[in-house]
Structures are given as structure tokens and as C-alpha cells.
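Asker: In the order they appear, the protein sequences are chains A and B.
Start counting the first sequence at 0; every next residue gets the next number (numbering that gives the first Met the number 0).
Start counting the second sequence at 0; every next residue gets the next number (numbering that gives the first Met the number 0).
Don't read these hints as lab results, they were simulated from the structure.
Treat the hints loosely; a few may be bogus.
Identical copies go unnamed one by one, so any copy, or any two together, can satisfy a pair.
As the list claims (entries may be wrong) - Result set (EDC-like, lysine to aspartate or glutamate): computed pairs, CA atoms no more than 20 Å apart in a straight line: (1) Lys-131 <-> Asp-55; (2) Lys-430 <-> Asp-416; (3) Lys-140 <-> Glu-154; (4) Lys-58 <-> Asp-26; (5) Lys-148 <-> Glu-98; (6) Lys-58 <-> Glu-22; (7) Lys-20 <-> Glu-59; (8) Lys-102 <-> Glu-154; (9) Lys-3 <-> Glu-120; (10) Lys-144 <-> Glu-154; (11) Lys-634 <-> Asp-615; (12) Lys-166 <-> Asp-55; (13) Lys-505 <-> Asp-55.
Number of protein chains: 2
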Amino acid sequence: MSEKTIDPAVEEMLALAAEMKIETFWDRYQAQLPQCEFGLRGICCRNCLHGPCRIDPFKEGAQKGVCGATADTIVARNFVRTCAGGAAAHIDHARHVLEVIEKIAHGHAAGYNVTDKQKLENLAQRLGIQTKGKSEIEVLKELAKEVAKEFQRQEGYSKYLQLYTTKKRFEKLAGLNVLPPNLDLTITESLHRTTMGVDADPVNLILGAVKVALADGAALHISTDLQDILFGTPKPLFSKANLGVLREDSVNIAVHGHVPLLSAKVAEQAEKLEKEASSAGARGINVVGICCTGHEVLERYGVPLAQNFLGSEMAVATGALDAIIVDVQCIAPSLITVADCFHTKLITTFPIAKIPGAEHIEFTTENADEATNKMIKIAIEAFKKRDKTKVHIPKYEQKILAGFSVEAIVGALSKVDPSDPLKPLLDNIVKGNILGAALFAGCNNVKLPQDKLHVTMAKGLLEKNVLILSTGCAGYALAKAGLMSPEATFKYAGEGLKAVLTAVGKAAGLNGPLPPVLNIGSCVDNSRAVVIVNALADKLGVDAEALPVVACAPEALTEKAIAIGTWAVSLGIPVHIGIVPPIIGSNLVTEIATSKAKDIFGGYFIVEPDPAKAVDKLIAVIDERRSKLGLKTSKEI
Amino acid sequence: MSEKTIDPAVEEMLALAAEMKIETFWDRYQAQLPQCEFGLRGICCRNCLHGPCRIDPFKEGAQKGVCGATADTIVARNFVRTCAGGAAAHIDHARHVLEVIEKIAHGHAAGYNVTDKQKLENLAQRLGIQTKGKSEIEVLKELAKEVAKEFQRQEGYSKYLQLYTTKKRFEKLAGLNVLPPNLDLTITESLHRTTMGVDADPVNLILGAVKVALADGAALHISTDLQDILFGTPKPLFSKANLGVLREDSVNIAVHGHVPLLSAKVAEQAEKLEKEASSAGARGINVVGICCTGHEVLERYGVPLAQNFLGSEMAVATGALDAIIVDVQCIAPSLITVADCFHTKLITTFPIAKIPGAEHIEFTTENADEATNKMIKIAIEAFKKRDKTKVHIPKYEQKILAGFSVEAIVGALSKVDPSDPLKPLLDNIVKGNILGAALFAGCNNVKLPQDKLHVTMAKGLLEKNVLILSTGCAGYALAKAGLMSPEATFKYAGEGLKAVLTAVGKAAGLNGPLPPVLNIGSCVDNSRAVVIVNALADKLGVDAEALPVVACAPEALTEKAIAIGTWAVSLGIPVHIGIVPPIIGSNLVTEIATSKAKDIFGGYFIVEPDPAKAVDKLIAVIDERRSKLGLKTSKEI
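Model the full assembly from the supplied sequences, consistent with the hints where possible.
Answerer: Okay, here's the thing in C-alpha cells:
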């Protein structure tokens with residue numbers, strides 16, 4: 000295996016790409032080396048035209064920016080803006096999904112419907128909406144109005160956040176004055192406080208980052224809830240992962256991006272256009288997923304996963320993709336360069352996300368059916384021009400069992416104990432059959448071999464009986480590595496965990512154990528992990544910070560990952576990252592993030608690029624928490 | 000004069016500061032040199048953890064960031080975020096003022112009242128609120144509700160923006176799809192589109208920057224309008240400017256920052272505490288202004304101007320300031336270091352703007368009287384500890400006539416022609432007595448001698464009969480240089496302009512001419528200039544892009560200045576800046592900003608650090624526009 004990836008399909012494609020002189024993430028990263036050490040440390044400030052200012056970390060004395068900002072201030076300000084960038088993406092995501100709910104409620108979104116009526120009713124009731132005797136449309140209207148307040152409220156705090164935070168934790172956050180009133184307002188405030196001459200207090204700034212991260216969290220919850228209502232709450236289903244899911248004989252369409260409004264439509268419309276595909280000489284239309292939106296359609300429709308972020312170029316380089324249909328976030332601009340080497344059509348769809356050279360077909364709630372129809376027809380036309388001599392599909396694919404929404408997990412557990420579904424889970428945590436739980440989330444990062452930390456760490460933790468949940472690019476990594484199949488439980492889970500997963504799987508009628516990695520969805524579905532953690536905490540009468548749970552985003556890349564990580568920390572969850580974040584230019588901020596946060600929030604960041612050491616550190620965290628709960632540690636079990 | 004400043008008071012203080020080893024903006028700037036050339040060009044990207052990526056401008060071939068972003072994409076993304084930082088500051092500012100309106104309407108803001116009832120009624124009516132037969136509180140409630148929509152609307156476009164944009168221009172902006180629905184949403188969207196893997200199209204991104212800048216503009220209008228309603232619409236009044244306004248025998252309090260909620264209260268409460276000051280041995284309490292909030296209290300109460308941004312440290316270094324009371328924006332963190340050399344108390348007041356070492360007294364709408372009272376008492380206590388041997392007040396001050404709100408300007412003009420106040424202005428523009436108008440706005444920037452471009456250029460333009468409006472730090476520069484007194488008209492204005500200003504001054508009963516520089520207020524009051532420009536445009540049945548008007552922010556520093564400048568450009572106004580903005584790493588973005596924008600918007604950026612050349616360029620722009628209107632140019636008059 001190379002230093003670039005541990006995914007054999009990507010490895011194979013990279014060799015081919017090199018032959019074809021296709022420039023990749025790794026090539027451009029090499030060309031960028033050495034990277035700027037000021038930027039890497041977070042001590043470069045460009046927030047006004049006095050700058051760029053930078054603090055020399057090796058110079059004696061208290062060097063400052065022109066305005067007088069110290070390294071601490073600069074690093075903290077940059078950190079706030081990073082979280083704001085990430086949260087903004089999720090807030091806009093949530094807004095788009097809400098917009099569809101609103102349009103359905105008012106009869107303007109013919110192409111969309113409520114799929115999970117039960118979830119709609121539950122959520123409405125939790126938001127204080129009387130549902131009895133009301134029509135679905137009426138409930139939907141009230142729900143839309145209520146959720147819209149998350150983007151409008153000028154005073155008070157996010158009700159949605161309150162809905163999904165334990166009482167104790169919410170009070171703590173209120174005491175720290177970090178509760179966002181509305182999500183957009185919080186973004187504005189964060190930019191305001193970080194512009195020149197506003198907030199110079201690094202501690203206050205970090206609390207500002209937490210406020211933004213909490214807005215991020217609310218946006219994740221909104222997105223997941225509303226998406227489940229619209230497209231259905233995931234249930235366990237089998238599918239496949241890795242580039243082997245592409246088909247030589249079919250029209251291959253990759254959906255790439257984040258908001259399922261588009262990808263769900265593509266999946267739906269593709270079925271309707273099978274005939275056109277046949278007429279073009281194809282066996283059919285094969286929709287595959289790249290990045291988060293792939294999870295959205297995997298979890299609900301079984302659409303196979305093609306590649307995570309670092310593999311996105313290589314999916315195109317197979318020459319087998321007829322179209323990549325994208326919306327927002329994590330769409331590398333380089334895709335157009337790769338697509339241009341083939342017949343592949345890159346289709347952008349959102350007004351705020353265009354790529355020069357790509358075909359732009361505006362996608363709206365109103366024209367959803369028509370627009371996706373058009374896009375698929377473009378793919379079919381492209382298929383006709385596909386150069387078969389250029390097609391190379393690596394023969395790697397893994398069976399996966401995915402679709403583990405909270406409802407699905409609780410559903411499986413309820414087969415063990417119908418009256419108290421969480422009990423078997425807790426009992427096994429107490430007994431030590433399950434040592435703890437780890438959420439694998441986040442991205443790929445070219446600075447680390449693709450998937451390596453995800454897979455190595457997951458294997459290490461499974462062996463120690465740590466149950467794993469996954470989302471996003473982390474989910475792809477674990478899926479491609481074969482960790483998401485029932486068989487993987489036999490292969491990778493420690494004895495205790497294996498027994499539990501086998502028992503639950505059997506009770507749930509799955510004809511085998513639950514997989515050792517329960518894929519809960521896309522990055523916004525990290526919200527599902529928080530729901531489970533809070534449910535366990537509530538059941539134990541403790542706060543998340545007491546539970547033997549950790550989160551890992553070992554290959555973190557995006558601002559979103561930093562925002563989500565900070566949210567998890569603020570909820571009391573330790574978060575491992577394998578990439579050194581740009582905060583080390585400030586001892587103070589580094590100490591807050593990696594240590595002092597523990598005193599305040601319970602959660603904190605653990606930075607460790609070595610997967611084996613990271614596993615040891617996470618086991619130590621879990622043991623520390625088990626010990627405090629009076630439970631046996633990994634060494635005592 | 001040194002290369003640091005043309006302000007003799009600051010010059011004198013800098014010598015003293017050097018003796019006392021007080022570190023200044025200039026010292027820190029020197030220590031920062033050479034600055035990073037990537038940052039200066041805007042070709043450094045830190046929007047994800049693959050970075051920092053940078054594009055070598057001297058390397059052959061199309062170098063790219065790891066994700067594939069080109070220099071064009073990176074520069075454009077950075078530009079969007081810069082505008083967003085600036086707009087966010089103004090949007091939060093507008094929100095704070097609106098909050099007070101809301102609280103008055105609901106009886107929760109005992110310390111504040113409506114001062115300009117007429118403006119309240121006018122604005123309400125313009126916003127479509129029926130005012131007839133309604134009480135002030137009722138109107139206020141409806142107004143608050145209506146303006147709140149600017150922060151809440153999820154569809155459509157900003158009504159406030161429409162109110163203050165000519166019909167033709169508004170349609171053009173609508174056609175370009177750059178109208179913000181609500182202000183906060185637009186900020187979120189701008190961060191979303193610039194996070195990794197979203198918008199890669201530089202042109203689309205620049206339109207995104209325009210959208211943010213339009214949200215900025217709406218925020219400026221809201222701030223000015225509501226502030227006028229609360230504190231009164233400025234009327235011409237005499238005051239003084241420069242450090243000589245500090246008094247050896249008085250308690251000196253500087254208000255510094257932006258939102259008049261605080262500074263107006265300080266001015267008001269100071270009067271009530273004169274007795275306490277006397278008991279402490281002071282002749283009284285002397286409130287002076289630094290930066291924009293100084294304009295707010297100058298324009299309404301005649302509070303003298305002490306210093307603009309680059310002089311803020313030197314105001315403290317006089318040793319004569321007993322307290323600096325600050326809110327948000329442009330508060331250099333270095334102030335605490337200077338204050339610590341003296342008895343001076345630095346008091347921060349807003350939760351999002353703290354400075355380590357400063358005293359923080361939370362200021363809210365509810366505790367406004369009480370909190371400011373406490374702050375002033377701290378100043379009085381500090382006065383007792385003032386070390387007289389350390390006091391050095393440079394004996395420079397200039398008489399100024401300020402307070403030129405639109406209403407005040409129209410009021411003066413209406414004395415010439417009561418039936419058609421704008422007619423004398425237009426007639427004189429047509430005749431060439433007034434060649435055109437220039438708005439001087441924006442900051443100081445340490446990269447240029449303080450005030451030099453403002454003052455040199457203003458003198459150059461006045462000589463050519465260009466009428467000057469001023470705001471913000473530009474206003475301070477021109478005030479300190481003696482350009483804001485009626486006498487200055489005789490000294491600096493060209494013959495035509497002199498005659499007009501003298502005639503209007505006489506008709507208005509001012510006992511002399513209008514000053515050649517009409518100070519219209521703080522940076523948010525740049526909105527007043529747009530109101531005047533649009534009124535002229537409407538009267539002529541043209542758009543702002545046809546008028547012989549320009550804006551200058553020659554010493555631009557903050558993200559706010561860039562946002563405001565971009566707003567002006569989008570309205571059709573050419574904007575001069577003397578600082579090279581961080582866009583030159585992209586030929587495309589540079590070309591859009593300085594040339595193509597002209598075709599689309601009429602407005603564009605003119606970058607010229609040399610004041611004489613800048614004057615020539617601006618006269619050429621004015622002449623070009625006069626010529627198109629069929630008017631004589633400067634050479635023909």
C-alpha cells in the first residue's frame with residue numbers, strides 16, 4: 000500500500016491516473032509543500048487591511064499584530080471563523096430542507112411528500128404543537144412555522160437545541176451564555192466579534208466558537224429530522240461500497256454533495272428513465288453515491304457508495320461515470336478537470352455552487368422532477384459517447400448493512416427487551432461486554448493516507464469491545480474496508496461485543512449479527528449519535544460527559560468537521576482528531592481545547608495522528624469514565 | 000512631518016510615546032515587515048485543513064490549491080468572506096438599535112425614548128405602516144415588527160434595501176439575483192458558499208460578495224434611520240476636533256466604538272454627574288469621541304472629536320484620559336497596553352467584545368443608565384489618581400461645523416428654494432459651479448501616513464469645485480485638518496463651489512458659508528450619502544451610475560470598509576481606495592473589480608495610492624460622467 004490510501008480501488012486508480020497524467024489531490028498537495036507554518040499554527044491574521052499579520056512563534060517577547068492582537072487572540076479569532084464556516088454550511092442545509100417542508104405545507108412542492116408520518120407527528124408534539132384532530136398539512140404548516148423560528152428568533156435561545164440537549168447540560172450552556180437565539184444571527188455575531196477591534200479576549204472568543212458550534216448542532220438535528228420526515232427514517236438494508244459498484248453496462252450516475260433534496264430525486268427519477276437508458280443500449284441506470292449525499296440515498300434506498308472525498312476524483316477517472324450530479328459542499332473543483340479527460344458530465348445545480356466548465360442546471364423545489372429528469376437524460380446521452388477503451392472499474396466492492404437510524408437501533412434492541420429497549424445496551428455496557436462507544440465521523444485528509452486512521456482505529460477499538468457508529472466519509476472508509484457487514488462482527492469484534500451484536504441481530508431477525516460498525520448516515524446525521532448518547536445519559540440520570548463514549552474525526556478536513564467536533568466537545572464528548580488543527584500557535588487556545596475544556600464541558604479535543612496511540616488514548620478515556628461510573632475498566636474485565 | 004501622520008497632534012504624541020517606550024501601531028507594523036506576499040495578493044486559502052494552500056504568482060502553469068481551487072477562486076472566496084466580516088458588523092449594529100426600538104415599544108427600555116417623532120412617522124409610512132390615529136407606541140411596535148423582518152424573511156428580498164435603491168437599480172440587482180432576502184441569512188449563505196467544495200466560480204462568487212454588500216447597505220440604512228429616531232436627526236452645530244479638546248482640569252472620558260446606544264448614554268449621564276466630578280476636584284466632565292461613535296455624539300450633541308483610529312493610542316498616551324468607554328469595532332486591543340502606562344481605565348461593555356485586562360461592565364438596554372453611571376464614576380475615581388506630571392495634551396484643535404444629515408442639507412437648501420430644495424444643487428451642478436461630489440469615508444491605515452490621503456485629496460478636489468461629504472475616520476481627518484469650518488470654504492473651495500456654499504450658508508442664516516466638507520456622520524451614515532445621491536438621481540430620472548459622484552476610502556482598513564465600498568460599487572458609484580486590496584493575486588477578480596464592474600454596475604474600484612494621481616483620476620471620472628450628461632467638463636468650465 001502506498002502512503003496515499005489504504006483503499007485498494009483508489010490505489011489501483013491512482014496508478015492509472017498517473018499514467019494518464021491526471022492531476023490528483025495528492026499531486027497538488029505535494030506541489031503545495033512546504034506549507035506555510037504560520038497558517039498551520041493559526042497565527043496569521045487577514046481580518047483587516049493592516050494585515051496579513053503573523054506572529055513568529057520562535058521570536059522572543061510578546062509579538063503582536065498591528066492592532067495589538069496577540070497570538071492567542073489571532074488563533075482564537077481564526078478558530079471562531081472556522082467553526083462559523085462549518086456551521087453556516089449546515090444551517091443553510093437545514094434551511095433548504097425546511098423550505099421544502101414549508102412548500103409542501105403550502106402546496107408548492109408537488110415533487111415532495113411526507114414519508115414518515117409518525118416522525119412528523121412525534122416531532123410536532125415535541126415542539127409543542129397540538130396534532131390531535133389536525134390534518135397532515137395543518138401539522139406540517141405549524142411545524143414549518145415553529146422550525147422557521149430557529150432562523151428568526153431575536154431573543155432567547157434555540158428551542159431545537161433545547162429539545163436535543165439534556166436538561167443539566169442545557170443549564171450549563173445557558174450559564175456560560177453560549178446558547179444561540181437563532182442560527183443565522185449566531186453566524187453574523189461570530190463574524191462581527193472577529194472583525195478588527197471587537198473581541199480580543201481568547202477565552203471569550205472560544206466561548207463564541209462554542210456558541211457557533213451549538214448553532215451547528217441545532218442545524219444538524221433539524222436537517223436529520225426533516226429529512227427523515229420527507230424521505231423516510233432509515234431502516235437496516237444491504238448494499239455495497241467501493242468503485243466496484245460502477246457497472247460497465249449501465250448508465251452510471253454519481254450523486255455528490257449533501258442535501259438529499261437532489262440525490263433522492265435523482266434516485267427516484269432514474270427508475271422512471273430506465274427505458275430511455277435501455278434505448279441507449281444500457282442495461283439500466285446505476286446511481287451511486289459520493290460523500291454525504293450518498294449516505295442519504297444509501298440509508299433510505301440502498302444506493303451503493305462509490306467513494307468518499309479523496310476518492311471522488313478517482314471515481315471520475317474510471318471513465319465509467321456518465322454524469323456526476325452535485326449540489327453543495329465537498330465538491331472538489333478539480334472534478335471538472337478530471338471529467339474533461341472523459342465523456343463525463345459534471346452537473347452543478349445550486350445557485351451558490353458553480354464550477355467553471357460544468358453544466359449548470361438550476362434545481363429548485365418547484366422544478367425538482369423536471370430538472371433531475373433533464374440531468375439524467377444528459378447522463379444517458381453521455382453514456383452513448385462513453386469511450387469503452389478508457390473505462391477501468393477496479394473490482395473492489397464490499398457488502399454492507401447500513402440504515403441504522405436511532406429508530407432502527409432502538410427497534411432492534413426492542414426485540415431483545417420490548418418494554419425497555421435501551422436496557423440491554425446499558426446492561427452490556429455495565430457488564431463490560433460493551434466497553435463503550437465511539438462515533439467515527441468526519442472526512443478524508445490528504446495529509447494522512449486515505450481511510451487509514453478510520454480503519455486502523457476502528458479495528459483497534461472493536462477488538463477492545465468498543466461499539467462503533469459511523470457517518471460521512473468515515474462511514475465510507477469503514478464500509479469500503481468491510482467493517483459494515485454482519486460477517487465483520489465475527490472478524491473484528493472482541494468477544495463481549497460479538498456476543499451482544501449476535502444476540503441483538505438474532506433477536507431482530509437479521510439472520511446474523513449486527514455489523515460492528517453501525518452506519519447512522521451522513522455528516523448531518525451525527526445528530527443521531529447525540530440522540531442516542533442523550534437517551535443513555537437520561538436513562539442513567541447523568542450527563543453525556545459521564546458516559547464512556549468518544550467521537551473520532553481522525554481525518555478531519557472541512558470547517559464543518561471542526562464545528563461538529565466543537566459541538567460534541569461542548570456536549571461533554573471527547574473528540575479525537577488525527578490532524579493537528581491550526582491552533583497550536585497559541586498555547587492558551589491549545590490548552591483550552593485539549594485540557595481546560597474538560598473542566599468546563601467534560602468534552603475536549605485529543606490530537607493524535609498515530610492510530611495505535613490514538614486507540615490507547617481513547618480506551619484510556621473510556622476506562623476513566625467507566626471507572627468514575629463504578630464500572631470495570633478494560634484491564635479489569 | 001514624518002511618514003507616520005500628517006496630524007501635528009499625533010506627531011507630537013508619537014515623539015513622546017517613543018520616549019516613554021510606548022509601542023504604537025507603527026512600531027508593530029514595522030515589526031511585521033516584510034508582510035506575506037501571498038496574503039497581500041489574496042492567494043492564500045485556509046478554508047479547510049488541507050491548507051494553508053497558496054498560489055505562487057510567479058510560477059508557470061495553473062497552480063492550484065489541494066482541492067483544485069485556482070487563484071481566481073481563492074481570491075474571490077476571500078473577498079466574499081471579507082465583505083461578510085464587514086457586513087456582519089453592521090448587521091449586528093442595526094440589530095442592537097432595533098432591539099432598543101422594540102424594547103421601547105414594549106415598555107422595557109426606560110432609559111431610551113423617541114426623539115425624532117417626525118422621522119418615525121415618515122419611516123413608518125414608507126414601510127407601509129398606517130400611522131394615522133395610532134399612538135407613538137403603536138407605530139413603534141409596528142415599525143419594530145416590520146424592520147425585524149429584515150432579519151427574518153426567508154424568501155423574497157430586503158424591503159429596506161428596496162426603500163433606498165432607485166427602481167431601475169433595484170431591477171438590475173434583482174436580475175443579477177443578488178438581492179438579500181434577510182441580512183443574517185445572507186451572511187450564512189456567504190460563508191457556506193466559500194467553504195471547501197461549494198462555489199468555485201469566481202464570477203458567481205463576486206456576485207455573492209455583492210449580495211453580502213447589499214445586505215451591508217441595508218444594515219447601514221436601518222442603523223441611521225433608527226438612530227435618528229432614537230437620538231434625533233443631526234442638525235448643524237459647532238464643535239472642535241483633535242487632541243486639544245482634552246482638558247487638564249476636567250474628568251476626560253473618551254467614548255470609542257460604534258453604536259450610539261452607549262455613547263449617547265455616556266454623554267447624557269455625564270451631565271448628571273458634574274457635581275461628583277466637582278467634588279473630586281475637576282472642573283467638570285469632558286466627553287470626547289474616538290472613531291464612529293464620536294460622530295454619533297458629535298452630530299447630535301456637539302461632543303468634540305478627539306482622534307480617529309490611528310490616533311486612538313495617542314489619545315490614551317496624553318495621560319489625560321480618565322476612562323475610555325468602548326463598545327464594538329475598531330477598538331485596538333493595544334489600547335489596554337497604553338492605558339496600563341497611565342491611570343486610564345479601559346471599560347468594555349458588550350458581551351462579544353472583551354479585552355483581557357480591561358474592566359468589563361455589561362451594558363444592556365435595561366441597565367443603560369445605571370451602567371453608564373457606574374462607568375463615569377469609575378472615570379471620576381480614576382481622575383483622582385491622575386498623575387499630572389504624565390499629562391501632555393497637544394495644543395491642537397480645529398473648529399468644525401458638523402451635523403449635516405440629509406434633512407439638514409435639504410433644510411439649508413430649502414432656504415434657497417423652499418418649493419424645490421434640490422433644484423439649487425442640481426442647477427449648480429449643471430452650471431459647473433459644483434463639478435461633482437465626493438464622499439470621503441473609511442479608515443486610517445498604517446500603511447499610509449495618517450490622514451494624508453484624505454486631506455490631500457480633499458483639498459485637491461475642493462479646488463476643482465467638488466463638494467465633499469465625509470464620514471467616519473475620514474471625517475476626523477478632514478475635521479482635524481481644518482476643512483470642516485465655514486472659513487475653510489474661503490481657503491480651499493474653488494470659485495464656483497465657494498459661491499454656492501456662501502449663498503446657501505447665507506440663505507440658511509449660518510452667518511457664513513457652509514463648510515466645504517459636509518460631515519454626515521459615522522460609517523453607518525454613509526447611508527445618508529446614498530439617500531442624497533438617489534434623490535438627485537430620481538430628480539434627474541437617471542440612476543446613480545449617471546451622476547458625477549464618487550466615493551473615496553483612500554485609507555481603507557477594515558472589512559467594513561470593503562463591504563461598504565462594494566455596496567457603493569453595486570449602486571453605480573466609483574470607489575477610490577489608496578490601499579491595494581488583497582485581490583491582485585487574481586487577474587480576473589482584479590479586472591472585475593476595477594473594470595468589468597463598470598459595465599455591469601456602473602460603479603467600480605479605482606486603486607491609487609498617490610493622492611495627486613487619485614485626484615486626477617477622480618476628476619476624470621466626474622468629467623466622463625458630466626460629459627455623458629451633456630454637461631461641461633472641468634476643462635470646459
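Asker: For a quick check of understanding: which of the numbered hints are violated here, in increasing order?
Answerer: 1, 9, 12 and 13
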